[in-house]
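S.K.: These protein sequence lines map, in sequence, to chains A and B.
FYI, in our numbering the residues of the first sequence are 44 to 156.
FYI, in our numbering the residues of the second sequence are 606 to 718.
Just so you know, the hints here were simulated from the structure itself, not pulled from any lab data.
Check the hints yourself; a few may be wrong.
Here are the computed lysine-lysine pairs in the BS3-like style, where the Cα-Cα straight-line distance is at most 30 Å [as the list claims (entries may be wrong)]:
#, chain 1, residue 1, chain 2, residue 2
1, A, K114, B, K675
2, B, K661, A, K113
3, A, K100, B, K710
4, A, K100, B, K631
5, A, K126, B, K675
6, B, K705, A, K126
7, B, K705, B, K661
8, B, K705, A, K113
9, A, K57, B, K661
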Amino acid sequence: DGGITQSPKYLFRKEGQNVTLSCEQNLNHDAMYWYRQDPGQGLRLIYYSQIVNDFQKGDIAEGYSVSREKKESFPLTVTSAQKNPTAFYLCASSIPSGYSPLHFGNGTRLTVT
Amino acid sequence: SQQGEEDPQALSIQEGENATMNCSYKTSINNLQWYRQNSGRGLVHLILIRSNEREKHSGRLRVTLDTSKKSSSLLITASRAADTASYFCATDASGGSNYKLTFGKGTLLTVNP
Chain A
44 DGGITQSPKY LFRKEGQNVT LSCEQNLNHD AMYWYRQDPG QGLRLIYYSQ IVNDFQKGDI
104 AEGYSVSREK KESFPLTVTS AQKNPTAFYL CASSIPSGYS PLHFGNGTRL TVT
Chain B
606 SQQGEEDPQA LSIQEGENAT MNCSYKTSIN NLQWYRQNSG RGLVHLILIR SNEREKHSGR
666 LRVTLDTSKK SSSLLITASR AADTASYFCA TDASGGSNYK LTFGKGTLLT VNP
């Protein structure tokens, strides 16, 4: 079955440590996205990539970094510079067309103490 | 920035009743999409309506779009307990190949058996 896999489901880190969230898709989609969701809030776009080796900042990119070396993979690193990293992180993919739905993974809940 | 705002923030109804959720947005759009999110999970695409469409149906879902008022509504008919979830509208206001969606804060729907 095609889909998006995010791992791990739960992640705990100490303040000051960088942490990398994994996102893999086998849908053959060119575009991939990272969103952050806080309790009672909508999704806010962190980074997105329309094609391999290219990505753009979203609305809240500060304190995050990404890479897109392979079509299937779009890992997100939450750096120690991110002031409020505890959140639910969602990865998505799509055909990079203006009328394409996003396919989401089941998220990673990151807790930083 | 969050383009779409859903209303109400929360809605509680009895099984068999209809549920209506509204979404307002600020700028011109190419299309508007509705997604559903079960607690602790990723989002699932429900329906997409293009800016030149006024109404669309999919099973028990009916979506309307009024571009003059910059608003959309999602109607779920004959609701079931399994419809309990958060519902988000998302707008595509991007140009060219720079495809990305902006999500609202969502409506939490509770359907009581």
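S.K.: Hints first: check each against the structure and report whether it holds.
M.R.: Status of the hints after comparison with the structure:
1. Restraint check for A/K114 and B/K675: not satisfied, since their Cα atoms lie roughly 36 Å apart, outside the 30 Å limit.
2. Taken as a hint, the B/K661 and A/K113 pair is broken in the structure, with Cα atoms around 37 Å apart against an allowance of 30 Å.
3. As the CA atoms of A/K100 and B/K710 are separated by approximately 21 Å, the hinted pair is consistent with the 30 Å bound.
4. Among the hinted pairs, A/K100 with B/K631 is consistent with the structure: their alpha-carbon atoms are about 21 Å apart, no more than 30 Å.
5. The hinted pair formed by A/K126 and B/K675 fails the criterion: a straight-line CA distance of about 35 Å is larger than 30 Å.
6. Proximity of B/K705 to A/K126 is assessed by CA-CA distance (about 25 Å); at most 30 Å being required, the pair is judged to hold.
7. Straight-line distance between C-alpha atoms of B/K705 and B/K661 comes to about 22 Å, which keeps the hinted pair within the 30 Å bound.
8. Our distance criterion of 30 Å between C-alpha atoms is met by B/K705 and A/K113, whose separation comes to about 20 Å.
9. Distance restraint check for A/K57 and B/K661: the Cα-Cα separation of roughly 48 Å exceeds the 30 Å cut-off, and the hinted pair is therefore not satisfied.
Checked against the numbered hints listed earlier, the structure breaks hints 1, 2, 5, 9; every other hint is satisfied.
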